[in-house]
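Trainee: Input sequences plus hints: build the corresponding full structure.
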Amino acid sequence: GNSVTQMEGPVTLSEEAFLTINCTYTATGYPSLFWYVQYPGEGLQLLLKATKADDKGSNKGFEATYRKETTSFHLEKGSVQVSDSAVYFCALIGFGNEKLTFGTGTRLTIIP
Amino acid sequence: NAGVTQTPKFRILKIGQSMTLQCTQDMNHNYMYWYRQDPGMGLKLIYYSVGAGITDKGEVPNGYNVSRSTTEDFPLRLELAAPSQTSVYFCASSYSHPDSVVPNYGYTFGSGTRLTVV
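Chains as they are written, first to last, in our numbering: chain A, 554 to 665; chain B, 9 to 126.
Quick caveat, the hints were computed from the structure, so don't treat them as lab data.
You may find that some hints are simply not true.
Pairs of lysine-lysine residues, derived as BS3-like cross-links and limited to a Cα-Cα distance of at most 27 angstroms, are as follows [unchecked claim]:
no. : chain 1 : residue 1 : chain 2 : residue 2
1   : B       : K17       : A       : K652
2   : A       : K652      : B       : K22
3   : A       : K605      : B       : K52
4   : B       : K52       : A       : K652
5   : A       : K630      : A       : K605
6   : B       : K65       : B       : K22
7   : A       : K621      : B       : K52
8   : B       : K22       : B       : K52
Computed far set for chain A versus chain B, every beta-carbon distance over 12 angstroms [as the list claims (entries may be wrong)]:
no. : residue
9   : P563
10  : L566
11  : F571
12  : F587
13  : S611
14  : E616
15  : K621
16  : T623
17  : S636
18  : P665
Note that the structure is a prediction, hence the values are computed from the model and not measured.
Cβ atoms here follow ideal geometry from the backbone N, Cα and C, with glycine treated the same way.
Mentor: If you want it as structure tokens, here you go:
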């Protein structure tokens with residue numbers, strides 16, 4: 554079946570540092586890939602997505618590129634802010650299968 | 009511009025009590041889902057629905073029931089609450105093209121219901 558493996562946290566960085574959160578997946582066919590963000594006390598929000606190989610999703614300074622050859626979708630940001638502190642979930646939907654499969658989440662804390 | 013609305017936001021139940029978590033969406037999405045999130049963990053799918061009148065089990069359906077009488081509403085029923093059901097529950101919806109050639113563009117989540125069973 555489908556699965557998502559993401560970098561274990563927690564991750565603590567200083568403001569303006571470079572961020573990478575690793576995500577790899579296992580799926581048949583051509584899944585759609587997503588990053589969701591969950592701020593404290595809130596539900597999940599879609600951060601970015603990519604629906605085919607080599608697509609780059611981007612939003613709010615975050616980027617992730619769909620790499621089929623390495624089955625990866627790593628999340629990056631060049632300069633993080635305190636307001637980026639949240640839990641980040643990598644997820645996929647298999648083509649023809651409408652159920653999201655989530656990674657376990659990575660808690661990110663940014664210190665001033 | 010409501011999106012997915014869940015009620016209540018918080019609830020404390022005693023062991024053996026029952027309750028219904030409400031979920032409604034105004035985006036005319038055909039798919040709806042219920043997830044639970046335990047502390048420090050990812051999300052696990054409880055039940056989902058591909059359209060009015062159709063529901064199916066997810067990974068962790070035991071102790072729960074759902075119904076989907078309309079496109080908009082997807083309530084989750086807890087019968088005989090147990091401490092193991094203490095969790096945060098999220099409802100979500102998405103649009104899936106009928107012939108599955110258009111990729112799913114992701115889910116919209118509600119803000120969650122925090123349930124404690126004591």
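Trainee: Could you tell me which of the numbered hints above are not met by this structure, giving the numbers in increasing order?
Mentor: Per hint list: 2, 9 and 12 violated.
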